[in-house]
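Participant: Each chain is listed here by its residues.
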Amino acid sequence: MIALNDVKGNKSTILIQPKETHLTGIDTTYGSILDPPKEAAKPSVQRPNDTGKPIAPASLGSEDEDGAMGDDGVTYLELLQRNKPFRFFLGSYIANHMGEWLTYLASISAIEKIQRDSGMETTSRAAISTLIVARLTPIILMSPFGGVLADGRDRRKSMIVLDVAGAGVALLFIAATRRKSIMMIYMATFLQECITGMYEPSRSAIIPLLVPDGQGLKQATTLSVLAWSLCAAFGSASGGFLVSLFGIRTCYCKLQDLVFRLYGDVPGSGPLTTLCVLSFLQSLIV
Amino acid sequence: MTYLLSALLMIRVGGTYNVSTNESKESPWSIIRGMIFGGVHYLRTSLFGGLVFLKLSGGLMYGGIDVLNVSFAERGGEEGKSARLGILFATMGIGNLIGPLVADRFTDMTQPRSIQLACLYGFAVSVFGLFMMSLFRPFWVICVLSGVRAMGSTIVWINSSLLMQKFSTPNMLGRVTAMDYALALTGEGASAVVAGVLQDRGLDAEGVTLRLAIFGTLLTLLWTFYHFSGKGAGFKEGPKRARSNDNLETLSLAHSHSDS
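Those sequence lines, one after another, are chains Z and W.
So that you can map any letter, position 72 of the first sequence is 72 in our numbering, and since no number is skipped, the others follow by simple counting.
So that you can map any letter, position 169 of the second sequence is 169 in our numbering, and since no number is skipped, the others follow by simple counting.
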């Protein structure tokens, strides 16, 4: 028998027995490594299959004989072809990341413009550094709460709500540029990154639930990281090239015009496709 | 609009993804506090808890690169600076793409040891890239080596995520990844600030890169020691020992507390 402080600071006692562990005072409501298997309360995970019908809880602790999740046996292409929910998830992730990226670059541009309009010849490095701090700090501070949200609520619904909140905060950026207020840009950035800090744990933690029986977990994780790095790296790279060739404004207007011409003639290309392509191109050139 | 598009696509995902088993009647704040401390407690007492520092180590090693890239791109004057920066990012993107695909061939989800070993190789590749970048000045060489370094850092990022996903129980994964992510960003931020300060104090980009490489070597050695002493997923007996709800973990907790 040993004594230790529980998560609330109270003294607790642990009795070590051969097969069972009894804890007193430790809040194990959300599960812990010390938990005995619970029968009464079970997590609710229902992943729809490709026909849209719900299927049994997917990868919750599905283990092979060795106690490890089964290895994959699926290729990247197979994962994308067969797993419709994961495809939508990946699309959502790319769109969300582009939104973040766009707002970040738009913030820098807005700060530069406001400072130029106020008579400064060059952009203050301190202003940009403050923006970077306003971006990093809330993510670090809000991540623990994001983790709680991911473990305590439906991860998909949390992501949807946070996406809508992100869209709302994006409106603040418009207000900030209209009022030419750098302080408002910082505040909007801070709020947006608070949302990112809350969003990211749900995004990461939903992946194992999207792949049935852990099949393709490695591929799914790799694809989501690749989508992130490709968006950032190739977005910046293409942006760098195009801007150096044409300049920001010309670049954006020409491409926008080109997209409308191309997609206006493609049968079946709805406004959503146009929006996707426009958003992507915008992320490339800003 | 991209946020709304993202929400729309998540609605199309469908299904329920709630892993909570909470039936508590406590106040929301005490639930949140309990869950945060529960997450920290979980990591502190589990055999794989140390692995949350993998991304932090990676972040400390490469966080300063973004600052250095600007310096590398500025060589040759203002004209073409954006294009050079673009090329640097593109080669990093190619490295990001190749690294995980190469590592994929050598890792096996049923052998967590291989995933942890891949992280070590990732560190080694990153350090190699950094050392070489500190030695050569031609822009095209810097681009190639940036790609090599990026290969390593993506290998570390992906495989450390896989380790977390493999070992964490589903109802803890959110908090574990939150911790992992927050630490990684802290590392990246700290490294970027240090790189900026060192450059402001007159050190050239090569000098900063060399210091990052030396620091990276120390971190790699530490993780090598961690791995080969059987910690994290470095055990040889097989994955049974790593099961996160084993009595073994309870015993490990008991030992750590009785020691203290």
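Hints in this document: simulated from the structure, not taken from any laboratory.
Hints may be right or wrong, so weigh each one.
Take a look, some chain W residues computed to stay more than 10 Å from chain Z by CB distance [claimed, not checked]:
#1 Asp104
#2 Gly207
#3 Phe225
Here are the computed distance ranges between Cβ atoms for each label pair [claimed, not checked]:
#4 Z:Gly168 <-> W:Gln111: 43 to 49 Å
#5 Z:Lys180 <-> W:Ile32: 24 to 30 Å
#6 W:Phe106 <-> Z:Arg179: 53 to 59 Å
#7 Z:Tyr76 <-> W:Leu8: 23 to 29 Å
Examples of chain W residues lying across from chain Z (beta carbon under 7 Å, computed) [claimed, not checked]:
#8 Leu4
#9 Met10
#10 Met35
#11 Ile98
#12 Arg105
#13 Val148
#14 Thr177
#15 Ala182
#16 Ala190
#17 Val197
#18 Gln199
Since the model is a prediction, treat every value here as computed from it, not as a measurement.
Heads up, the beta-carbon is just placed ideally off N, CA and C, and yes, glycines get one too.
Participant: Take the hints in turn and mark each one as holding or not.
Facilitator: Each hint, compared with the structure:
no.: 1; hint: Asp104; in the structure: 7 Å, violated
no.: 2; hint: Gly207; in the structure: 21 Å, holds
no.: 3; hint: Phe225; in the structure: 25 Å, holds
no.: 4; hint: Z:Gly168 <-> W:Gln111: 43 to 49 Å; in the structure: 46 Å, holds
no.: 5; hint: Z:Lys180 <-> W:Ile32: 24 to 30 Å; in the structure: 38 Å, violated
no.: 6; hint: W:Phe106 <-> Z:Arg179: 53 to 59 Å; in the structure: 55 Å, holds
no.: 7; hint: Z:Tyr76 <-> W:Leu8: 23 to 29 Å; in the structure: 24 Å, holds
no.: 8; hint: Leu4; in the structure: 5 Å, holds
no.: 9; hint: Met10; in the structure: 5 Å, holds
no.: 10; hint: Met35; in the structure: 4 Å, holds
no.: 11; hint: Ile98; in the structure: 10 Å, violated
no.: 12; hint: Arg105; in the structure: 11 Å, violated
no.: 13; hint: Val148; in the structure: 15 Å, violated
no.: 14; hint: Thr177; in the structure: 4 Å, holds
no.: 15; hint: Ala182; in the structure: 4 Å, holds
no.: 16; hint: Ala190; in the structure: 10 Å, violated
no.: 17; hint: Val197; in the structure: 11 Å, violated
no.: 18; hint: Gln199; in the structure: 12 Å, violated
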